[in-house]
Amino acid sequence: MSCERWQEALAGRIYGENEPADDRALESHLESCGACRAALEGLQRVRVLLRENEPEVERPPRVVVLRDTSRFRPALLAASLVGAALLAGVGAGAGYAVGRRGAPAPGPAIATAPTAAEIDAMVQKQVDARLASFQAPAKPGAQPVAAPGVTTEEMQAAFAKFERRLNNRRAEERAEDLDYMSAQLEGVEARTGARIGQTNQALRYVALASNPNVTER
Amino acid sequence: MGEAAVSVPSDEDLLVAVRGGRVDSLGLLVARWEGPLYRFVSRMVDRPEDARDVCQETFLRVLKKSDAFRDGARFSTWMYQIALNLCRDRARRQKRWSHLVIAAPADDDRPREHAAPEHAETHPERALERAEARSAVQAALGRLPHDQREVLLLKEYEGLKFREIAEVLGIPESTVKSRVYAALDAMKVSLQAAGLR
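Residue numbers (the working numbering), protein chains in the order written: chain L, 42 to 258; chain H, 128 to 324.
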């Protein structure tokens, strides 16, 4: 056990961040304190283990960034978030309407810029409803959205195709892309009955990227 | 030829541009920071989808709150502050949502990358040992108290200075050093118990 008063200096030493004077004082102390020498050695060994065995990290997801050719308008971002919430909660229709260029005036939910708290509440409500629907027992005779026998590889190919199309960023195709992506994701949900969090996450990315309002003046 | 200097905008320059309405500058900030941020966040929260949520929300808050960024501050410090607050919020909510947690699908075969590929092993036994060691380190990190895990991840894997961590967390630098010491000491005990010495 090291001396408590030297612990900060020991931490500073192993990361090479002590002031020279502090480091000299520590050095002097170490000459006469076996416990602190042992502690220093132990901590350095732990650092080596941490570096050598750094835990795996999943590949970071692609973050779709909103583009704005003119000025950023918070109200529109907020509207796009509401669109995302609706999309995540009740399917493609609502988000599609919000995101489509030249779409009719938005409904009451986005007539004024909602507050962050309102957005959070709406997201939570919709997600709750969606999760509840998944937890409910399946109705007899209900048909999955996707064709049976869709493989993971086919789904990955579909996502890759979608990403390529999104990268082209052709405004007129965004709404179509959004529909396409939504159908694919619905298919995954129907097929697996899981991935709900990931699905909502993906839908949010798509809705944010697919709202052309944020690129308009 | 004249001057050939290539100007690379700093993070702070980019944020000023975002604040001035150039939202596309956020794309550069995201490109620079999404990897480190995701690595950090994914070790602070339990589920990958939570990590993705936190990262997305962090960048959205950077966008929405760019006016709140103090001149002279470091972007990375501010970004980690936002992300940490979101991680803490999520941890608080976790109990309420725990009954809705759905396990990741078993057929999730997306490619994974190891943060230190230079240590990749080809010998099966060594690869297994390495995987077990990584797993032991991950488990030991997960057992650390939240405040110790925060400082250790920022220090060891994100490479922040003690002073920067103090700024992120709003605590004295001496406290950061004490916590890092305590975290390493706890890790030593856990790793020894797991057979790593």
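Hints may contain errors.
A short, non-exhaustive set of chain H residues, derived as facing chain L with CB atoms under 7 Å [what the hints assert, rightly or not]: (1) R166; (2) R188; (3) F196; (4) V264; (5) G269; (6) R270; (7) H273; (8) E283; (9) S301; (10) K304; (11) V307; (12) L311; (13) M314; (14) S317; (15) Q319; (16) L323.
Stretch-level coverage of chain L by chain H, calculated; a stretch enters the list once three of its residues show a Cβ under 8 Å from a Cβ in chain H [to be verified]: (17) 53-67; (18) 85-94.
Covered, in the sense of this in silico footprint (three residues per stretch, anywhere, with C-beta under 8 Å from a C-beta of chain L), are these stretches of chain H [what the hints assert, rightly or not]: (19) 257-263; (20) 284-297.
No lab work stands behind these hints: they were computed from the structure.
In this text, a Cβ means the ideal position worked out from N, Cα and C, and glycines have one as well.
Where does the structure disagree with the numbered hints, that is, which hint numbers, in rising order? 2, 3, 5, 6, 7, 14 and 15
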